[in-house]
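Protein sequence lines, in the order shown, are assigned to chains A and B.
Read left to right, the first sequence gives residues 1 to 340 (our numbering).
Read left to right, the second sequence gives residues 1 to 340 (our numbering).
Just so you know, these hints were derived from the structure itself, not from any lab.
Treat the hints loosely; a few may be bogus.
Remember, identical chains collapse to one label, so a pair may be satisfied in a single copy or spanning two.
What the hints assert, rightly or not - DSS-like cross-link-like pairs, simulated, lysine-lysine; straight-line CA separation at most 30 Å:
#	residue 1	residue 2
1	Lys70	Lys7
2	Lys179	Lys335
3	Lys336	Lys197
4	Lys179	Lys3
5	Lys335	Lys3
6	Lys294	Lys70
7	Lys197	Lys335
8	Lys336	Lys294
9	Lys3	Lys197
10	Lys179	Lys70
11	Lys28	Lys7
12	Lys238	Lys70
13	Lys335	Lys28
14	Lys28	Lys3
15	Lys336	Lys238
16	Lys336	Lys3
17	Lys197	Lys70
18	Lys27	Lys7
2 protein chains.
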Amino acid sequence: MPKHMGKRTIALESCPSFLSFAATAGKKEGEGPIRDSFDIINEDSFFGEESWEKAESAMSSLTIARALEKGGINGGSVDLIFAGDLQSQCTASTFAIRGYQIPFFGVYGACSTMAESLALAALSIEGGYARHAMAATSSHFCSAEREFRFPLEYGGQRTPTSQWTVTGAGAAVLCSEGKPPYVTAVTPGIIVDAGIKDANNMGAAMAPAAYETISTHLADMGRSPDYYDLILTGDLGKIGSEILRDFFDSDGMPLSNHNDCGLMIYNLSTQDVHAGGSGCGCSASVLCGHILPKMVRGEINRILFCATGALLSPTTTLQGESIPCICCAVAIENKKPGLR
Amino acid sequence: MPKHMGKRTIALESCPSFLSFAATAGKKEGEGPIRDSFDIINEDSFFGEESWEKAESAMSSLTIARALEKGGINGGSVDLIFAGDLQSQCTASTFAIRGYQIPFFGVYGACSTMAESLALAALSIEGGYARHAMAATSSHFCSAEREFRFPLEYGGQRTPTSQWTVTGAGAAVLCSEGKPPYVTAVTPGIIVDAGIKDANNMGAAMAPAAYETISTHLADMGRSPDYYDLILTGDLGKIGSEILRDFFDSDGMPLSNHNDCGLMIYNLSTQDVHAGGSGCGCSASVLCGHILPKMVRGEINRILFCATGALLSPTTTLQGESIPCICCAVAIENKKPGLR
């Protein structure tokens, strides 16, 4: 049985294993610093489809297929898939998954979706109600621009604090028994709204949620940040990451081993992405393409994957609302706690 | 440990109990056949707010508060809340929940959201990683019209097959030990797309998904429909319900004990709702306001709650796509299987 630790962390006992994972990226991401990490790089932003929304679904479906293939299984062996994305009514995911006969729970955690779906997939296996469970998510620069800001054709100016939505997708298959890495703990997020109203500064809006969840996780588990080789936030970007580190500095507990997927996927000085990458696909593709393979190779052994989400919509912004945010943390380790 | 039955049903062992539940309804719902069932009926469609979207959040928050109050607990005792709604990026729920410090997993299952969130809440308790878990959802006629169709001011005509989105919300608190009724089994849905493209005929689009999940559940559990006192679909309305019953008639297994929340909440002949009620709040408010109290009173003892969702968006409809649908089934019984 999983164990409740402290305020709200769930320490897993069986610790599901990653059977496989896959990451897809678009052209721009395929030109960035971690270009060699992705399973698939597609130069065609349309992924062979006729709209950005359909392109994102095609990319997501491709990524799920690749993860299944790498795991040597087909959809029929998967008991549950947890997936979601940024499009209204999460249609990138539902249209991607309708071709599979996999029992589906749709989730929405904005850019925290990969951590949320991974957490729920891990908990399903831990709880004994799935043998294989998948987590999948995606984002697409062009569909996100249309969804949240302006159609590309409008040619809107971007503010210096804005981030660039990653065209990318990640999918992972978890199973009950297997090789490392393992999911060892989950700290679900609470909604934190620090009153930020600038939808072009998501990093600042999300940093307090990241701080709240990471510090709760560390306190719950009685750990200091250096327990982990890497504390990996999803898409705080440059500004959000600085704010997060400031918070921990004020606590006298510097986050020396922190990095952010939004800072890793692009070269900020040459790729014109302003404050860095963002989107569900940012943390998903960096985790599944870059970080998990590093863990498999033993280059890093303990990470805390903390994807953050800004739970706003274009409507709430227009109605003058501030931005509620969330961060879900998933501990992934090469040794199960019992084996330490 | 829960037990896998047949294709994909999860039979629960500990069978979480309903600690409490609450339902809120708007004015029109408060004039319908089950008006005496709701905990709160609000005559003000704005729920004291200045937009329909904020009104829906206020309604959802009110309903969560009432469910907590009826259970004699506060948010601090709830380990997890699963919630979602129909607004883009599920903001009705996130803005409702940001006032609570409850660990949150956002879900999106369109109008199937109450079954999805109830299933996940039940599984969290069953798996040992929550002591109290909540499920909550809402819909609001006016925010849904703006989201999916036209702003009310436009005064659009409605087709005869269209349904009326319920202004209503439901919330339930599950706990590990307690009085009946209990959640005894969960059958998650797969995505079924029968090729229907008419977004004004959701009943027809969703009926095949309901048929697929209900027949899978019955086969998995080795039950005939009359095992249940009530097989309750969420919002198939008049047309979808007829199609569903036709499917079962063709199988020689008539669904004599079927009813639909969308047919129960309004008087179809006098309330001008065309094919019946719909929306996440339809099944949520009927379940929490009308059906669970009947179970507590022992008037019915076994139900299969099967909320259906149309996983489309306004964009997918404009892009000529058909409507992928899903149905999640949750068995709720006054006796745990082991005690039969």
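Hint-by-hint comparison with the structure:
Only between protomers do Lys70 and Lys7 lie at most 30 Å apart by alpha-carbon distance; the minimum there is 24 Å, versus 37 Å within a single protomer. In this homomeric assembly, Lys179 and Lys335 come within 30 Å of each other (Cα to Cα) only inside a single copy, at 10 Å, whereas the closest approach across copies is 41 Å. For a Cα distance limit of 30 Å, the shortest separation of Lys336 from Lys197 qualifies neither inside one copy, at 41 Å, nor across copies, at 49 Å. Taking identical chains as interchangeable, the C-alpha atoms of Lys179 and Lys3 lie at most 30 Å apart whether they share a chain (22 Å) or sit on different chains (25 Å).
In this assembly of identical chains, the alpha carbons of Lys335 and Lys3 lie at most 30 Å apart whether taken from the same copy (17 Å) or from different copies (28 Å). Only within a single protomer do Lys294 and Lys70 lie at most 30 Å apart by alpha-carbon distance; the minimum there is 16 Å, versus 50 Å between protomers. In the homo-oligomer, the alpha carbons of Lys197 and Lys335 never lie at most 30 Å apart, since the shortest distance is 42 Å inside one protomer and 50 Å across protomers. Taking the shortest Cα distances, Lys336 and Lys294 sit within 30 Å of each other inside one copy (17 Å), while across copies they are farther apart (47 Å).
Taking identical chains as interchangeable, the C-alpha atoms of Lys3 and Lys197 are never at most 30 Å apart, the minima being 38 Å within one chain and 47 Å between chains. In this assembly of identical chains, the alpha carbons of Lys179 and Lys70 lie at most 30 Å apart only when taken from the same copy (14 Å versus 46 Å across copies). In the homo-oligomer, the alpha carbons of Lys28 and Lys7 never lie at most 30 Å apart, since the shortest distance is 41 Å inside one protomer and 42 Å across protomers. Within a single copy, Lys238 and Lys70 get their C-alpha atoms no closer than 34 Å, and across copies no closer than 45 Å, so neither meets the 30 Å cut-off.
Proximity of Lys335 to Lys28 under the C-alpha cut-off of 30 Å is found in neither arrangement, the shortest distances being 35 Å within a copy and 57 Å between copies. Taking CA atoms no more than 30 Å apart as the test, Lys28 paired with Lys3 passes in neither setting, with 42 Å inside one copy and 46 Å between copies. Taking the shortest alpha-carbon separations for Lys336 and Lys238, neither the intra-copy value of 33 Å nor the inter-copy value of 53 Å comes in at or below 30 Å. Taking identical chains as interchangeable, the C-alpha atoms of Lys336 and Lys3 lie at most 30 Å apart whether they share a chain (14 Å) or sit on different chains (25 Å).
Neither within a single protomer nor between protomers do Lys197 and Lys70 lie at most 30 Å apart by alpha-carbon distance, with minima of 42 Å and 35 Å respectively. Taking the shortest alpha-carbon separations for Lys27 and Lys7, neither the intra-copy value of 42 Å nor the inter-copy value of 40 Å comes in at or below 30 Å.
Comparing the model with each earlier hint shows violations of hints 3, 7, 9, 11, 12, 13, 14, 15, 17, 18; every other hint is respected.
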